[in-house]
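Trainee: All chains, please: the whole structure from these sequences, using the hints.
Protein chains: 2
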Amino acid sequence: MPDSLEALIEALRQLPGVGAKSAARMAYHLLQHDRDGAQRLADALMAAVRNIRHCERCHTFSEQPICSTCADPARDQTRLCVVETPSDQAVLERTGAYDGLYFVLQGRISPLDGVGIAELGLAELMVRASDGVIEEVIVATSFTAEGEATAHIISQALAKRGIRATRLARGVPIGGELEYVDLGTIAHALADRH
Amino acid sequence: MPDSLEALIEALRQLPGVGAKSAARMAYHLLQHDRDGAQRLADALMAAVRNIRHCERCHTFSEQPICSTCADPARDQTRLCVVETPSDQAVLERTGAYDGLYFVLQGRISPLDGVGIAELGLAELMVRASDGVIEEVIVATSFTAEGEATAHIISQALAKRGIRATRLARGVPIGGELEYVDLGTIAHALADRH
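Sequence order for the protein chains is E and G. Using full-length UniProt numbering, read the first sequence as starting at 1 and increasing by one per residue. Using full-length UniProt numbering, read the second sequence as starting at 1 and increasing by one per residue.
Be careful, since some hints might not be right.
Computed, partial: chain E to chain G, Cβ under 10 angstroms [claimed, not checked]: (1) L8; (2) S22; (3) M26; (4) A38; (5) R40; (6) A71; (7) R75; (8) T85; (9) P86; (10) Q106.
A short list of chain G residues far from chain E (calculated; beta carbon distances all over 10 angstroms) [to be verified]: (11) A71; (12) F143; (13) G175; (14) L183.
Partial list, derived from the structure: chain E residues whose beta carbon lies under 7 angstroms from chain G [claimed, not checked]: (15) S4; (16) Q14; (17) L15; (18) G19; (19) R25; (20) H29; (21) Q32; (22) L41; (23) I52; (24) S87.
If you are wondering where the hints come from, they were derived from the structure by calculation, not from laboratory data. A virtual CB, placed ideally from N, CA and C, is assigned to each residue, including glycine.
Mentor: Structural data, given as structure tokens:
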């Protein structure tokens, strides 16, 4: 196999969810059917690496020092929603049910990988949440073990500073049939009934 | 979402087997955790587009005018194996059971996509197979409808020129239990019993 083909397959394999076979398939496809697409992808990668930084206020991806959400005066400045990733932020935005601001942790604690709460920017979050304008911090980390642990640490740190912290409700999803929902979720939904 | 992030996700979506969610996940991963990987991928793409061409004899991917397989005097020069793609060629090489030469069609006929046998290089294959040295052409296209049709046309064209064409054997795969093998395959294996 030519060296530059092997190097391309190896580089594609580093993408999340891409194994050796998919990487080879992608490389063959690009070289055989879509060389323009390969060039476009190379250009897009370089432009993104060059232009994308983190918003200084909320840490999400942004081309400006302050992202468009943080810079929008129409957003509710008294609420701050803490999410793990920019994708989680995008999901919340798509619901159309939230018009406050965000703080993006860029991950969740993972002791085995050496990712503690300090790496996720807990200190910056505390500074951000203590600006005197924020009245409520909605902790919207995942409902996994790591996400729950992250939420617990954040809520405790906020409580110490007298800032109100809330968490997304747990319960039966829309369209969910009780028969197929896990027992832990049903137990939570029962405890949080209203 | 920043423009260059959106452009990157869009470019990643063009890869085969990558949808909108995977593309977003890849882009976030690269920007958050692996900017060096993103740059390496961009470099690998550009190097491959710049360096990889088709071997003039067998049409496989190569950085040289003639690929290393075609240039290898130790290969059996009297046998030519016709495959659909460089990946199929790689699979045959990994078996270690073939030491002849190759001809890579770079596809199979697909009338709906306007890919006829001419686009696959039938004329070049006939010139290649008529060099007076080739004694046998092994048609190793897929056992799909399109692959079979491709094989049929190639075999007919070779027969007209008096060149011997063979086809890979069809049969029960190693480890295959008859109960789970499709009936068409069993019928073929029965007909080709030896």
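Trainee: With reference to the structure, classify each hint as holding or not holding.
Mentor: Here's how the hints hold up against the structure:
1. Given hint, L8/E at the interface with chain G, holds; its Cβ is 4 angstroms from that chain's nearest Cβ, closer than 10 angstroms.
2. Taking 10 angstroms as the C-beta contact cut-off toward chain G, the hint placing S22/E at the interface holds, the least distance being around 6 angstroms.
3. Annotation: M26/E was flagged as interfacial toward chain G, and the flag holds, the nearest CB pair being 5 angstroms apart, inside 10 angstroms.
4. Here the hint on A38/E is kept, as its CB sits about 5 angstroms from the closest CB of chain G, short of 10 angstroms.
5. Below 10 angstroms, beta-carbon pairs count as interface contacts, and R40/E has one with chain G at about 5 angstroms; its hint therefore holds.
6. For A71/E, the shortest C-beta to C-beta distance to chain G is roughly 13 angstroms, which exceeds 10 angstroms, and the interface hint is violated.
7. The beta carbon of R75/E comes no nearer than 16 angstroms to any beta carbon in chain G, farther than 10 angstroms, and the hint placing it at the interface is violated.
8. The interface hint given for T85/E holds, since its Cβ lies 6 angstroms from the closest Cβ of chain G, which is under the 10 angstroms cut-off.
9. A hinted interface residue such as P86/E counts as satisfied when its beta carbon comes closer than 10 angstroms to some beta carbon of chain G; here the least separation is about 6 angstroms, so the hint holds.
10. A cut of 10 angstroms between beta carbons decides the hint on Q106/E: the least distance to chain G is about 6 angstroms, and the hint holds.
11. Every C-beta of chain E lies more than 10 angstroms from that of A71/G, the closest at about 13 angstroms, which supports listing it as non-interface.
12. The claim that F143/G lies off the interface holds: its Cβ sits roughly 19 angstroms from the closest Cβ of chain E, which is beyond the 10 angstroms cut-off.
13. At roughly 20 angstroms from the closest C-beta of chain E, the C-beta of G175/G stays outside 10 angstroms, upholding its exclusion from the interface.
14. The claim that L183/G lies off the interface holds: its Cβ sits roughly 28 angstroms from the closest Cβ of chain E, which is beyond the 10 angstroms cut-off.
15. Interface hint at S4/E: satisfied, since its Cβ lies 4 angstroms from the closest Cβ of chain G, which is below the 7 angstroms cut-off.
16. Because the closest C-beta pair between Q14/E and chain G is about 5 angstroms apart, less than 7 angstroms, the hint holds.
17. At its closest, the beta carbon of L15/E sits 5 angstroms from a beta carbon of chain G; the interface hint therefore holds under the 7 angstroms criterion.
18. For G19/E, the interface hint is violated, the least distance from its beta-carbon to any beta-carbon of chain G being 11 angstroms, above 7 angstroms.
19. Interface hint status for R25/E: upheld, as the beta-carbon distance to the closest one in chain G is roughly 6 angstroms, under 7 angstroms.
20. For H29/E, the shortest C-beta to C-beta distance to chain G is roughly 5 angstroms, which falls under 7 angstroms, so the interface hint holds.
21. The restraint placing Q32/E at the interface with chain G holds, with a minimum CB-CB distance near 6 angstroms, inside the 7 angstroms limit.
22. The closest approach between the C-beta of L41/E and any C-beta of chain G is roughly 4 angstroms, which is under the 7 angstroms cut-off, so the hint is satisfied.
23. A cut of 7 angstroms between beta carbons decides the hint on I52/E: the least distance to chain G is about 5 angstroms, and the hint holds.
24. For S87/E, the shortest C-beta to C-beta distance to chain G is roughly 6 angstroms, which falls under 7 angstroms, so the interface hint holds.
Hint check: violations occur at hints 6, 7 and 18; the rest are consistent with the structure.
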